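Q: Sequence:
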Amino acid sequence: MCETWERLHRGFPWQVLLLNSEGKGFCGGVLLKSNFVLTTAKCTLPHMGSPIRVVIGNNRLHGARHITHVKEKYIHSRYDKDTGENNVALLQLQEHIDCNSYQLPICIPDRDFVEHVLIPQLAGIVSGWKVEGDELRDSLVELPVSYLPENKCEQVLNVSLTTREFCVHHQEPVDGKLTGGSFSATNYKGTWFLTGILGTWPIEANNSETLLFTKTSRYMMWFHKNM
Numbered sequence: 001m002c003e004t005w006e007r008l009h010r011g012f013p014w015q016v017l018l019l020n021s022e023g024k025g026f027c028g029g030v031l032l033k034s035n036f037v038l039t040t041a042k043c044t045l046p047h048m049g050s051p052i053r054v055v056i057g058n059n060r061l062h063g064a065r066h067i068t069h070v071k072e073k074y075i076h077s078r079y080d081k082d083t084g085e086n087n088v089a090l091l092q093l094q095e096h097i098d099c100n101s102y103q104l105p106i107c108i109p110d111r112d113f114v115e116h117v118l119i120p121q122l123a124g125i126v127s128g129w130k131v132e133g134d135e136l137r138d139s140l141v142e143l144p145v146s147y148l149p150e151n152k153c154e155q156v157l158n159v160s161l162t163t164r165e166f167c168v169h170h171q172e173p174v175d176g177k178l179t180g181g182s183f184s185a186t187n188y189k190g191t192w193f194l195t196g197i198l199g200t201w202p203i204e205a206n207n208s209e210t211l212l213f214t215k216t217s218r219y220m221m222w223f224h225k226n227m
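Under UniProt numbering, the residue at position 227 of the sequence shown is numbered 227, and the numbers go up by one with no gaps.
These are calculated hints, taken from the structure and not from any lab test. Here the structure is a predicted model, which is why all the values come from computation and not from measurement. Misleading hints may appear alongside valid ones.
As the list claims (entries may be wrong) - Heads up, simulated DSSO-like pairs for lysine-lysine below, C-alpha to C-alpha not over 27 Å straight-line:
#  : residue 1 : residue 2
1  : K177      : K130
2  : K33       : K130
3  : K152      : K130
4  : K33       : K71
5  : K225      : K130
6  : K189      : K42
7  : K73       : K189
8  : K81       : K24
9  : K215      : K177
10 : K71       : K24
11 : K33       : K152
12 : K42       : K73
13 : K24       : K73
14 : K215      : K71
15 : K42       : K130
16 : K81       : K189
17 : K24       : K177
18 : K152      : K81
19 : K225      : K33
20 : K81       : K71
21 : K152      : K215
22 : K42       : K81
23 : K71       : K225
24 : K73       : K215
25 : K130      : K24
26 : K189      : K215
27 : K73       : K33
28 : K71       : K42
Sequences and hints are given; from them, build the entire structure.
A: Written out as structure tokens, the structure reads:
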């Protein structure tokens, strides 16, 4: 069930930071259920044999935060590291979190609503951490974005989009690039809905004002199978 959540501060209660075995942040993610996090396959693959912890909630890299361990990692079986297709992964947490205004799963809308209303008709927000080299900055970036039509996106990025991808455009300058696992969301009548997740493959660096996202709506069956 989706809950209406009043936004008072920067950041979101479903925002997740992934920590490696040394306790360093390396990617972002988004809370889908009280014990499941969505991130990218590219973020997860290098850490399949080592522990991952997650920091949950509308917080920062430092200060008060809720940290829990990842119990299982599920990478999409058809992930293609060369093209970036199916760049999604689910992380099962060791425990269910208590849902409150600081840590709360995002709403996952159905495919028709996402692809015919939320993505093409409404402005959204992209949220994530900036990365410089191998280091994440300790503050969140939030960008107001608008949908970029498929043909325009393909022109700008010089790619052919699949039916599982979409592009957004932003006009605010960004120093550096966003880490994998950053997400796009849209507010519809007071409720925030997840629309996409950003990968770390190099295509997003070709044009800093255009970001290519994986449509999370195309993975509903996969989510249900693994969650």
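Q: Now, for every hint given, state plainly whether the structure supports it.
A: Hints versus structure:
For the given pair, K177 sits about 6 Å from K130 by alpha-carbon distance, which is consistent with the 27 Å threshold. Note on K33 and K130: the hinted pairing holds, with a Cα-Cα distance of about 25 Å set against a maximum of 27 Å. A distance of roughly 26 Å separates the Cα atoms of K152 and K130; the hinted pair therefore holds under the 27 Å criterion. About 14 Å separates the Cα atoms of K33 and K71, which keeps this hinted pair within 27 Å; it holds.
Annotation: proposed proximity of K225 to K130 is violated, straight-line Cα distance about 32 Å (limit 27 Å). For a cut-off of 27 Å, the pair hint linking K189 to K42 is broken: about 33 Å separates their Cα positions. Restraint check for K73 and K189: the C-alpha separation of about 34 Å exceeds 27 Å, so the hint is violated. Of the supplied pair hints, the one linking K81 and K24 holds, its CA atoms being roughly 24 Å apart against a limit of 27 Å.
Restraint check for K215 and K177: satisfied, since their Cα atoms lie roughly 20 Å apart, inside the 27 Å limit. Between K71 and K24, the direct Cα distance comes to roughly 18 Å. Compliance with the 27 Å bound is thereby established for this hinted pair. A C-alpha spacing of about 35 Å is found between K33 and K152, which places the hinted pair above 27 Å, so the restraint is violated. The suggested pairing of K42 with K73 holds, with an alpha-carbon distance near 12 Å, which does not exceed 27 Å.
For the given pair, K24 sits about 18 Å from K73 by alpha-carbon distance, which is consistent with the 27 Å threshold. Using a Cα cut-off of 27 Å, the hinted pair K215 and K71 holds, with the two alpha carbons roughly 25 Å apart. Taking the CA atoms of K42 and K130, the gap is near 17 Å; set against the 27 Å cutoff, the hint holds. Between K81 and K189 the CA atoms are separated by roughly 37 Å; this puts the pair beyond 27 Å, and the hint is violated.
Between K24 and K177 the CA atoms are separated by roughly 18 Å; this keeps the pair inside 27 Å, and the hint holds. Taken as a hint, the K152 and K81 pair is honoured in the structure, with Cα atoms around 25 Å apart against an allowance of 27 Å. This hinted pair checks out: K225 and K33 have alpha carbons roughly 13 Å apart, not beyond 27 Å. Between K81 and K71 the CA atoms are separated by roughly 24 Å; this keeps the pair inside 27 Å, and the hint holds.
Simply put, K152 and K215 have alpha-carbon atoms about 17 Å apart, close enough for the 27 Å limit, and the pair holds. Only pairs whose Cα atoms come within 27 Å are accepted, and K42 paired with K81 is accepted, the gap being roughly 7 Å. Simply put, K71 and K225 have alpha-carbon atoms about 17 Å apart, close enough for the 27 Å limit, and the pair holds. This hinted pair checks out: K73 and K215 have alpha carbons roughly 20 Å apart, not beyond 27 Å.
Between K130 and K24 the alpha-carbon distance is near 14 Å, which keeps this suggested pair within the 27 Å criterion. Pair hint K189 plus K215 holds up; C-alpha atoms about 21 Å apart against a cutoff of 27 Å. The straight-line distance between the Cα atoms of K73 and K33 is roughly 15 Å, inside the 27 Å bound, and the hint therefore holds. Straight-line distance between C-alpha atoms of K71 and K42 comes to about 18 Å, which keeps the hinted pair within the 27 Å bound.
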